[in-house]
Amino acid sequence: MHPDLLYLDTARVGRMSRSAQAAHLDYARLATDEGGSLFFERFLRQGVDSSPAKIHEFYPGLATWRGIGQLKHSLRALASGRRDLPVLLANRCAALMRFASRLLFHPCRNVLVTDLGWPAYHSILEAEAQRASRSVTTVHICQAILSRHLTEDELIQRLRNEFLDQGCDGLFLSAVSNLGVRLPVERIVRAIEATSEVRLIVIDGAQDFCHASSDLRNEYSDLYLAGSHKWLKAHHPMGVAFYGKRRSSSFIETGLDHLLATGELDDPLLRFSRQLETCSLDGTSETVSLASLFSCQGAANDILSDIEYSAHGLAQLVNTSDAAADVARVSGWYPLRPEASFRSGILLLEAEKAATKLASAEALRSGFYEKGIALTAYDNGIIRLSVPEHGWKPGDLDRLGGALQSIF
Amino acid sequence: MLGSLAMALVCALAPLSAQIAVLGALISILGGLFVSYMEQEAERERHRNEMLEKLAIPLALASEHDLYEQYLAICHGLMELAQQTDLILRDIALLKLASLAGQIESLAGGSVVFAGTETWRTVYEKILRSPDIKEYRSISWVRCKDYWQDAPGRQSMQINFDSAHRGLHIERIIILPHDLWPKGRHLPLEEILPWIQQQHDHGIWILLVHESDLSSETDLLVDLGIYGDRAMGVQEVDERARTLRFVLQFDPQAIRLAKDRWERLALYATSFRSLLDQSPANG
Chain U
1 MHPDLLYLDT ARVGRMSRSA QAAHLDYARL ATDEGGSLFF ERFLRQGVDS
51 SPAKIHEFYP GLATWRGIGQ LKHSLRALAS GRRDLPVLLA NRCAALMRFA
101 SRLLFHPCRN VLVTDLGWPA YHSILEAEAQ RASRSVTTVH ICQAILSRHL
151 TEDELIQRLR NEFLDQGCDG LFLSAVSNLG VRLPVERIVR AIEATSEVRL
201 IVIDGAQDFC HASSDLRNEY SDLYLAGSHK WLKAHHPMGV AFYGKRRSSS
251 FIETGLDHLL ATGELDDPLL RFSRQLETCS LDGTSETVSL ASLFSCQGAA
301 NDILSDIEYS AHGLAQLVNT SDAAADVARV SGWYPLRPEA SFRSGILLLE
351 AEKAATKLAS AEALRSGFYE KGIALTAYDN GIIRLSVPEH GWKPGDLDRL
401 GGALQSIF
Chain X
1 MLGSLAMALV CALAPLSAQI AVLGALISIL GGLFVSYMEQ EAERERHRNE
51 MLEKLAIPLA LASEHDLYEQ YLAICHGLME LAQQTDLILR DIALLKLASL
101 AGQIESLAGG SVVFAGTETW RTVYEKILRS PDIKEYRSIS WVRCKDYWQD
151 APGRQSMQIN FDSAHRGLHI ERIIILPHDL WPKGRHLPLE EILPWIQQQH
201 DHGIWILLVH ESDLSSETDL LVDLGIYGDR AMGVQEVDER ARTLRFVLQF
251 DPQAIRLAKD RWERLALYAT SFRSLLDQSP ANG
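Protein chains in written order, with the working numbering: chain U, 1 to 408; chain X, 1 to 283.
Careful, some of the hints might be misleading.
Examples of chain X residues toward chain U, derived with CB under 8 Å [to be verified]: (1) C75; (2) G77; (3) S130; (4) P131; (5) K134; (6) Q155; (7) S156; (8) Q158; (9) G167; (10) R172; (11) E239; (12) T243; (13) S271.
Read the hints as simulated data drawn from the structure, not as lab findings.
Ideal placement from N, C-alpha and C gives every residue a C-beta, glycine not left out.
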């Protein structure tokens, strides 16, 4: 264990925020004291209002819990969504992706994606396409973007043309890829809609939510998928999805109710939160893991109260990333950086030393951890840094530079 | 023997000229008998061929067990009918048999007609549930607000929803009259809107057309279904949207023509999704 770990791996899992930790610890104590008692159930529904004195005195970390409705309100605020924007919660992000895939291939015959998408999600999409005898069209842009051979306008034009030429009618795009490429998803959607009818639009915001944009004010998508365990820093994984466009809201809800009723979508939290909202708890549902709810509320509160981050989030992250790139260049590492408009708080570096390139991903990751730096490593000497949201602390860049120079 | 004895007496007792005359007559008789034999043989050959031809039908059917059973039942019935001597009964039977022959010929041409009955919906359900049907396109010409909303209609709609959820890709063009979707009004009226919305909610891709836009292309005013590349159906309804006739065709040419019709009608259509997108929150 490193007492002074430089944690640069939020893109994998964010470190638990302070309030998320407090909520998590006090939830554990409440679970010890009350188990599944009536008090706990009341607390779950009503939050601190169920027993203010007791909560504040014995479980202060849970004092901001005011029920699932308030949690959804907080999540909406993080997405700049309107007050009545519907929100789905699930134990597993993959469950929401399966749901999204089912929805896509109802009205759509051919869904356009790019090779910047998360492979596990694309596998789910491909499986559903095969089940329904539909198609997925993949546009390869990753290499061109990382090598700066594609500008934002060229990208938009290319995707618009491919959508039209390939006869696509659905879209599934990653707002920010796991490799840090930020796509101008709203501009892409608008450009495609100007020339084609897009029957359904799903955005993967797993790396975008609480990081780059996730601004849903303009409601350019039908379904936006996110999670709580990366940039929101709740640590406990929980899937979050936003929807609410008039053209697709009832379609999404009808699809959800059908899949839950038939058991084809089997996520306990998704079912439970839906039943809670529609006041249709059936009394026979399985026990649901609720720990993620409380840590998520704590983490949301931390970000919402961080005025400085809320105002300058992405710009600050990109500046912080630029500083790391400068250090990397003089330390024997080459930044794989796209054009400025595609940048995010995720930075890819490629080793220049042959010995480093030969190291396995596991060896590389371990090597950096031994030097007090947590990051993600890939084969062929590539590492991924998720830069800290408030910039580098004094000494951080020196530590980073030293580790980059001395690894293998 | 008598002939031989007569010839022997002629040879022994008659003059030469008489013998020659008898020989000529004999040759003529033999020639005639030979020609007659040949004609009879040809007739027998024709008869044999006819019998063989008739035998070919049951031979060809013998491998189609379900059809052969019906063939035998019909043959058996005809054999028993042949015992009936009442002339009126025979006349009625012949009329019905002629009608039956016409129906069988129609079926053989890939066409099934359901007249004055809702039983076509059973076949409709079977087709939609068929695993090799991946796409279903239809045209619904709505004549009144109760279109497909009676009990059989609701059941068929549920089959549509179940099929859509199972993965069948369904697209429907709905033609609406002015009194259900007035020009200038963004969405159809409340009398029909929930029926449309429900289909949209279940994942059916809905397109709407104003009936008045089709005044110059009246052949597009039709209730039509295209079931993949397998079959197409045309429904004729009365003013209360009850089925008068439903014709199901498995002919590739008919399917192609139906697809062409659908494509032409789609040019006049607007997606329900885009109408929802453009409509104000409360309208």
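We went through each hint and held it up to the structure:
| no. | hint | in the structure |
| --- | --- | --- |
| 1 | C75 | violated, 44 Å |
| 2 | G77 | violated, 45 Å |
| 3 | S130 | violated, 13 Å |
| 4 | P131 | violated, 10 Å |
| 5 | K134 | holds, 5 Å |
| 6 | Q155 | violated, 18 Å |
| 7 | S156 | violated, 18 Å |
| 8 | Q158 | violated, 12 Å |
| 9 | G167 | holds, 4 Å |
| 10 | R172 | violated, 11 Å |
| 11 | E239 | violated, 31 Å |
| 12 | T243 | violated, 28 Å |
| 13 | S271 | holds, 6 Å |
Violated hints, in rising order: 1, 2, 3, 4, 6, 7, 8, 10, 11 and 12; the structure is consistent with all others.
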